[in-house]
Amino acid sequence: MMNSQTKSQFIAVASITSELSAVMVVAKEISLAAANAKAIAFRAGDKAKGFQPITDFINELAKETIELVTKINVHALLLYRLTVDEFSRTAAYNRFEQASKLANATGARYADSMAEPTAHAKNVMQDCQRQFKRDVTQLLGQLKRLCTTRAQLVSLLLTRVLKPHKRVNIYKVCKPLLKVWIKRRIPFTTMCNVVELHSLFTVTVN
Amino acid sequence: MKMTKIYEGAHQWVMFGRDENKPDNIIDSNQYIVRTANKCLLLEPGGTELFAPMMAAVLHHAPVEQITDLFASHQDPDVISSLGLWDQALSNAKLHAPALWEGYIRHFGCESIEYVPIPDNGETIKLESVELQIIPAHYLHSPCNFHVYDPQAKILMTGSVGSAWESAGAPVFVERFDTHVEKMRYYHQRWMPSNQAKRAWIDRVRNLDIDIIAPQHGRMFKGDDVKRFLDWFDALQVGTGI
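In order, the protein sequence lines correspond to chains A and B.
Under the numbering used here, the first residue of the first sequence is numbered 5, with each subsequent residue one higher.
Under the numbering used here, the first residue of the second sequence is numbered 11, with each subsequent residue one higher.
One chain only, chain B, in its complex shape:
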């Protein structure tokens, strides 16, 4: 499992992904942690198959007992099917996940972890002194979907938005936006169902000060590529599966 520190300040952001040992027939996914002095938040903890390498990787940054919070943007198995295992490993943790999906996500196993339902209009997660904003991103692609924005680190974790299918050895940041576009096009056209929802999301995030867009699959965007991505996505017609 590759680990890349993407923000280092009073707290840290670390990206995990490109697991070389994952089975070929499951999609590669990015996981993130936000680490403060005594707490650790896991964003998009991943699928069951990924649990052991992910836990081993997190242990480079935090002890088990300090993994206090988990976040799932939506209900898909590559996002949160490992929940049943985290549930047995963590003695005092909360899962922040969409209220609408509670009854579904609990199927993965959620007995000891406290499920904190996120209302449709979002909320704030407080991790010691760090305040993370939960931004609504409904229908992108899931009907109830959220992204995480850190105003201090200026990172927007966008779940499925900005995702692309990449090989295990791919770099973690986009290097040439023009060529990267082709890796994203079909995914966004097919997975994102609504131009209206897309527009609402773009209007919302254009107001945020963003250095890094961190999706759940593929490469992250930084610097000028953030605006390039928003412009490209804005112009893209989605919902082509009909």
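Chain A on its own, in the form it takes in the complex:
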């Protein structure tokens, strides 16, 4: 029988993988949209010349996101395997204990011989649990880094890239959104807001 902690672990790992997949889709869309915007800006000629760094920047952001998500995905997969392993090790340990108790209760001649496999199973199970905790901490660190990097990049976008184009109304439109984004450290999945931001760029250039 699967206990609630194991269920939570399975759900947590599955949720991370699912969110990462969603982020990957968004990042790829952004990358495509950035390329599209670049083409539009090119067609618009001199009046849209200032937007090229912006589209390049967004494209770079999307690429970095894709790379990070790929790395984190590998980690999440390892974590999933570890969860399966831990589940199996815990189940074995519980069954070994049950067998030992039964053997002792019925006066089995060789009941003592289960002591070693049971102790070994316990050690392996505890190792798995410790490794799971370590790996989760590491994964959360990677996710945080992803979120922080995005926030820093957006901050950079606000101060260095968009500021020179103050007369462009998109700055006003985007500023509140980006400020909230940075301030709250909204989970990385909200990176999809970049799509909205980018669509605003495209509209303005047109």
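One should not assume that every hint holds.
[Unchecked claim] Taking lysine-lysine pairs in the BS3-like style, the calculated list, with each CA pair at most 25 Å apart, reads:
#  : chain 1 : residue 1 : chain 2 : residue 2
1  : B       : Lys-15    : B       : Lys-164
2  : A       : Lys-105   : B       : Lys-12
3  : B       : Lys-193   : B       : Lys-232
4  : B       : Lys-193   : B       : Lys-136
5  : A       : Lys-42    : A       : Lys-32
6  : B       : Lys-32    : A       : Lys-105
7  : B       : Lys-164   : B       : Lys-12
8  : B       : Lys-164   : B       : Lys-32
9  : B       : Lys-237   : A       : Lys-105
10 : B       : Lys-104   : A       : Lys-126
11 : A       : Lys-105   : A       : Lys-126
12 : B       : Lys-15    : B       : Lys-104
13 : B       : Lys-15    : B       : Lys-32
14 : A       : Lys-105   : B       : Lys-15
15 : B       : Lys-164   : B       : Lys-232
[Said to hold, decoys possible] Beta-carbon label-pair distances, calculated as ranges:
#  : chain 1 : residue 1 : chain 2 : residue 2 : range
16 : A       : Ala-16    : B       : Glu-75    : 22 to 28 Å
17 : B       : Leu-246   : A       : Leu-82    : 49 to 55 Å
18 : B       : Leu-218   : A       : Ala-119   : 56 to 62 Å
19 : B       : Asp-34    : A       : Leu-82    : 56 to 62 Å
20 : B       : Asn-131   : A       : Lys-137   : 47 to 53 Å
21 : B       : Leu-218   : A       : Lys-137   : 42 to 48 Å
22 : B       : Ala-109   : A       : Lys-137   : 37 to 43 Å
23 : B       : Lys-12    : A       : Gln-142   : 46 to 52 Å
24 : A       : Glu-101   : B       : Leu-246   : 42 to 48 Å
25 : B       : Arg-238   : A       : Asp-116   : 40 to 46 Å
26 : A       : Asn-127   : B       : Asp-34    : 54 to 60 Å
27 : B       : His-117   : A       : Glu-68    : 23 to 29 Å
[Said to hold, decoys possible] If you want the footprint, here are the derived chain A segments under chain B, 3+ residues with CB under 8 Å:
#  : segment
28 : 78-92
29 : 118-126
By construction, these hints were calculated from the structure, which means they are not laboratory data.
Backbone N, C-alpha and C fix where the C-beta goes; we use that ideal spot for every residue, glycine too.
Given chain A, work out where chain B should sit, using these hints.
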């Protein structure tokens, strides 16, 4: 878990089954061990649910480190789904199981146990001085299926053949063959797919000197009931599920 010694000579055979504590919704199954001086072979180790009572029962006859061999007649979960647990308990063991099913049986977990694939025409398992013959029983009921014959003990472990659904308190040997037939009929007609395969198996085992037929479910057959069973099975039309 009920334990019944069915052969005592230079080595022993013990039958395990009729577990009163098993969940009601899983089928009762018979497990067997062949015990020599320093080794122990588990035949049809059973499902996951059965692991703890089975291990506890085996510990009456052998220490864990002397459980050196396992045998699975085919791939079904009531036969071998406990493999992943034995795999973690046994440090130096082999699983003798059909070659055809290796990739499937490994799904139950087989990392430390060595999988010894049995070829289609069978083989011999050597347990110290005891030589056990692995008899092909394909399509009875699994497409790749084997039985175990011990010429010294004159026991034929027949897996699904001879099986019947019984209650937990049922005796371990058939007492009245005529009434027992009805407990076996549907199982054999529905589970066994091929009259041709059945005939080939009967021709093969009629040549063996058998005192006991030991199936994986239900009661064992001994003495004259061995021949009665073979005659009855010979006359039965199987593969009725079509």
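Now the hints, each set against the structure:
1. Restraint check for B/Lys-15 and B/Lys-164: satisfied, since their Cα atoms lie roughly 14 Å apart, inside the 25 Å limit.
2. Straight-line distance between C-alpha atoms of A/Lys-105 and B/Lys-12 comes to about 17 Å, which keeps the hinted pair within the 25 Å bound.
3. Between B/Lys-193 and B/Lys-232, the direct Cα distance comes to roughly 17 Å. Compliance with the 25 Å bound is thereby established for this hinted pair.
4. As the CA atoms of B/Lys-193 and B/Lys-136 are separated by approximately 35 Å, the hinted pair breaks the 25 Å bound.
5. Using a Cα cut-off of 25 Å, the hinted pair A/Lys-42 and A/Lys-32 holds, with the two alpha carbons roughly 16 Å apart.
6. This hinted pair checks out: B/Lys-32 and A/Lys-105 have alpha carbons roughly 16 Å apart, not beyond 25 Å.
7. Between B/Lys-164 and B/Lys-12 the CA atoms are separated by roughly 22 Å; this keeps the pair inside 25 Å, and the hint holds.
8. Restraint check: the Cα-Cα separation between B/Lys-164 and B/Lys-32 comes to about 30 Å, which exceeds 25 Å; the hinted pair is violated.
9. A threshold of 25 Å between alpha carbons decides the hint, and for B/Lys-237 with A/Lys-105 the separation of about 42 Å lies outside it, so the pair is violated.
10. Restraint check: the Cα-Cα separation between B/Lys-104 and A/Lys-126 comes to about 23 Å, which is no more than 25 Å; the hinted pair holds.
11. Between A/Lys-105 and A/Lys-126 the CA atoms are separated by roughly 15 Å; this keeps the pair inside 25 Å, and the hint holds.
12. The straight-line distance between the Cα atoms of B/Lys-15 and B/Lys-104 is roughly 24 Å, inside the 25 Å bound, and the hint therefore holds.
13. Among the hinted pairs, B/Lys-15 with B/Lys-32 is consistent with the structure: their alpha-carbon atoms are about 21 Å apart, no more than 25 Å.
14. Among the hinted pairs, A/Lys-105 with B/Lys-15 is consistent with the structure: their alpha-carbon atoms are about 23 Å apart, no more than 25 Å.
15. As the CA atoms of B/Lys-164 and B/Lys-232 are separated by approximately 10 Å, the hinted pair is consistent with the 25 Å bound.
16. A hinted range of 22 to 28 Å is violated for the C-beta pair A/Ala-16 and B/Glu-75, which are about 39 Å apart.
17. About 54 Å separates the C-beta atoms of B/Leu-246 and A/Leu-82, a value consistent with the hinted range of 49 to 55 Å.
18. In this structure the supplied range 56 to 62 Å is violated for B/Leu-218 paired with A/Ala-119, their Cβ-Cβ distance being about 42 Å.
19. As the Cβ distance of B/Asp-34 to A/Leu-82 is approximately 40 Å, the hint placing it in 56 to 62 Å is violated.
20. Between B/Asn-131 and A/Lys-137 the CB atoms are about 52 Å apart, so this pair conforms to the stated range of 47 to 53 Å.
21. Taken as a hint, the range 42 to 48 Å is violated for the pair B/Leu-218 and A/Lys-137, whose Cβ atoms sit roughly 58 Å apart.
22. Between B/Ala-109 and A/Lys-137 the C-beta distance comes to about 42 Å, which sits within the given range of 37 to 43 Å.
23. Roughly 51 Å separates the CB atoms of B/Lys-12 and A/Gln-142, a value that falls within the hinted 46 to 52 Å.
24. About 45 Å separates the C-beta atoms of A/Glu-101 and B/Leu-246, a value consistent with the hinted range of 42 to 48 Å.
25. With their beta carbons about 45 Å apart, B/Arg-238 and A/Asp-116 fall inside the hinted range of 40 to 46 Å.
26. In this structure, A/Asn-127 and B/Asp-34 break the distance hint of 54 to 60 Å, their C-beta atoms being roughly 35 Å apart.
27. The given range of 23 to 29 Å is broken by B/His-117 and A/Glu-68, whose C-beta atoms sit roughly 40 Å from each other.
28. For the segment 78-92 of chain A, the proposed coverage by chain B is not satisfied: 1 residues have a C-beta within less than 8 Å of a C-beta in that chain, short of the threshold of three.
29. Restraint check on the segment 118-126 of chain A versus chain B: 4 residues with Cβ-Cβ distances below 8 Å, three needed, restraint holds.
Hints 4, 8, 9, 16, 18, 19, 21, 26, 27 and 28, counting from the list given before, are not met by this structure.
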